[in-house]
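J.: Those protein sequences? They're chains A and B, same order as listed.
With the working numbering, the residue at position 30 of the first sequence is 30, and numbering never jumps.
With the working numbering, the residue at position 144 of the second sequence is 144, and numbering never jumps.
Simulated from the structure, these hints should not be mistaken for laboratory data.
Please read all numbers here as calculations on a predicted model, not as lab measurements.
Heads up, some of the hints might be wrong.
Because identical chains share one entry, a pair is satisfied inside a single copy or across any pair of copies.
Straight-line alpha carbon distances no greater than 20 Å define the calculated DMTMM-like cross-link-like pairs of lysine to aspartate or glutamate that follow [claimed, not checked]:
1. 171 - 232
2. 107 - 82
3. 277 - 82
4. 107 - 64
5. 277 - 118
6. 107 - 283
7. 277 - 169
2 protein chains.
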Amino acid sequence: MFSGLSAFPLTPMNEDGIDTVAYAALVRRLADAGVDSIGALGSSGSYAYLSREERAQTARIAVENAGTVPVMIGIGALRTRDVLLLAEDAQKAGASAVLLAPVSYNKLSAEEVYSHFEAVTRNLSIPLCVYDNPGTTNFQFSDELHGRIAQLPNVRSIKIPGMPLDPQEAKARVDRLRALIPAHVSIGVSGDWFGAIGLNAGCEAWYSAWGGLFPRTLLEITRAAQRGDEQEASQLMERLRPLWDLVARQGGSLRVMAAAAELLGLAKSPCLPLPLKAIHGPDRAHLAELIESLELA
Amino acid sequence: MFSGLSAFPLTPMNEDGIDTVAYAALVRRLADAGVDSIGALGSSGSYAYLSREERAQTARIAVENAGTVPVMIGIGALRTRDVLLLAEDAQKAGASAVLLAPVSYNKLSAEEVYSHFEAVTRNLSIPLCVYDNPGTTNFQFSDELHGRIAQLPNVRSIKIPGMPLDPQEAKARVDRLRALIPAHVSIGVSGDWFGAIGLNAGCEAWYSAWGGLFPRTLLEITRAAQRGDEQEASQLMERLRPLWDLVARQGGSLRVMAAAAELLGLAKSPCLPLPLKAIHGPDRAHLAELIESLELA
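Just chain A, same shape as in the assembly (with noise of 0.2 Å):
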C-alpha cells in the first residue's frame, strides 16, 4: 500500500465537532477514485487539533468508507504515552497502516524522537509510515537517522517533505537516502508541488493533500509517472502551476483545501479548527477561477 498515490483528505469540522456526513463522503469519492491508499488523520485531515475520542471516530469513518482500499492513520503526539494510545485505537479501527510524525513543543533530539518510534513500532501490528515534515514538527530528520529508524520492525515507507527541484538533484536525493534504507522501505514524496519530480526521481509513492481533493487529477499525473511517462507527468503538474503557486504564497495547501472544500459544496464553512481559518477575500476568489479553469471540480 506504500506506492501510487496515497490521498490525504480533510477532516471538516466546527467548534461543534466534526462533520462525520461531509467526511464520509470525502472518503468514498476518493475511493471510487481508485486511489491507491488513504491517508486519513494527517495534516490535511488535521490531526494534530483532534481529541482521542474524534480522533477514533474519523478512524472508524475512513475505513468504513473506504471499501477495498487501504487506510492509513496518523498516530502523531506530543507525548509518547499518548501515540502509544492512538495507535491502538487506529488498529482497533481496521486501519492497515498508520502514520507518525515526531510532533514537538519542545524542540526534540535525534536521540529523543528514535526512541519514541522505537516505543511506538515495538508495540505495532500493522505497518508504520515515518512522517517527515519540519514544516510542522520543527524537527529535521538526518537521512542517518532515517536510516536507523528504517530498520525498526514494522517501518515499511517514508513521507518525505520535498526535495530539489532539478531532476538530476532530486534524483540524487532520493538515491542518498534510499542507500541507507532497507529495501523494503518505500520512499514517498510530499508537498505537493513536487509530486511528479519527486515520483520521476524514484520515489514509489505521492502521499497528496490535494489527492484527498481532486484524486482523479493527481491520479493521472500518477499514473503517467509509474508507467515511466516523465514528460507527460511533468508536464500534468506544469498545468496546476497557478494552484500551486497560490499554496506557496498562502505557506502551505491546508488553507487553501478547506477554501476549495467549501466552494465545491465538499464541507461546510467553516470546516477548519479556529485559529485555522481558511482563505478569503481576493484569494479565495482566484482560487475559484482556477478551480474553473484548470478544471479540478
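The hints should help you fit chain B onto chain A, whose structure is shown.
T.: Chain B in isolation, oriented as in the chain A frame:
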C-alpha cells in the same frame, strides 16, 4: 502581579501521571522563598503535554500551595475551543491570571493569532499575559501585533523571549515595544540568561524557568535590578554563566532543570514526559558540579 520575579516550576511527571506530592512541595518552596508570582503550567511545567484533567488538577495544586503568592496558569493549546475550556478550568482553580502562547501545528498567521487572543480575552474575568515564545510556537510576533493584542480587554503583560545582549540595544528594544503598548501592560523578560539584561533595560518582570527551581538565587538578582543596582544584578548574573552556557548548549532549560530537580531530590527520575529526556551522561555530571560550585542548592 506582573512585576518582579515570576517563577515557573517544573511539573514532575512520568508515564503514569503527575507526581502531585513533589509538585506541591516545589510550589511551597517558591512561596516560602517569597517570589512575586508563580507561573504554573508554563513551558517549564510541560503544559502542552498534559490532558485537560491533568492541567486542572495541577492548577488546583499550584493555587492551594502558593499561599498568598498569586498564581498564573498556562492555558495554551492548538485550538481556540480548547483554550476557552482551559481558561474556565484555570479560573475555577483560583488562578490570579492566565498565560497564553499561540501554540501551533500549522504555522499561524498574524490575523489568526489576533482572533485567537480576541476570542479568549473576551471570555476572561482575570488578567492575561501574552506568551511570546517563537522557539516552541513557531510564531514570530511583530511589535505591531503585540501593540494590537495589548489593547484587548484583560491583557496585562507580555512575556518576551529575549533581547540583544548589549545593554543599550536591549533598552532600545524594550523602549520600542513599550511605545506601542498601553501603560497598564507590563513587559517581562524570559530566556533566563537575559534576566538581568532585561530588568536593567526596563522590563518590569522576569518570567523565569530557573526561578522555579532556584528562587533565592534569582530573587537576589531581581531585587538588585529593582533597586537600580544594575552592576550588582549583572555581576550576580555573570556568576551563573557556566549554568547559562550549559543551558545554551542543550538548546533550552527544560531538560537541564529536570536533571537538576532530580539531582536535588526535588523530583523522582524520570520527571519529564517521554519522548523528552532530562540530560544525562557527562552533561549531567557537569551540572551536578555546577550546582555545588555555584552554591545553587
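J.: With identical chains treated as interchangeable, where does the CA-CA distance between residue 107 and residue 82 reach 20 Å or less: within a copy, between copies, both, or neither?
T.: within (18 Å within a copy, 22 Å between copies)
J.: What label fits residue 107 with residue 283 when the C-alpha limit is 20 Å: within, between, both, or neither?
T.: between (33 Å within a copy, 18 Å between copies)
J.: Is it within, between, both or neither when you check residue 277 against residue 118 at 20 Å Cα-Cα?
T.: between (36 Å within a copy, 15 Å between copies)
J.: Checking residue 107 and residue 64: alpha-carbon separation at most 20 Å within a copy, between copies, both or neither?
T.: neither (36 Å within a copy, 32 Å between copies)
J.: If the cutoff is 20 Å on CA atoms, where do residue 277 and residue 169 land: within, between, both or neither? Let me know, please.
T.: For residue 277 and residue 169, the Cα distance exceeds 20 Å both inside one copy (36 Å) and across copies (37 Å).
J.: With identical chains, the pair residue 171 and residue 232 could be close in the same copy or across copies; at 20 Å between alpha carbons, which is it: within, between, both, or neither?
T.: Within one copy only: 18 Å inside a chain, 59 Å across chains, cut-off 20 Å.
J.: My question is about residue 277 and residue 82: at a cut-off of 20 Å on alpha-carbon distance, are they close within one copy, between copies, both, or neither?
T.: between (27 Å within a copy, 16 Å between copies)
Checked against the numbered hints above, the structure breaks hints 4 and 7 and satisfies the rest.
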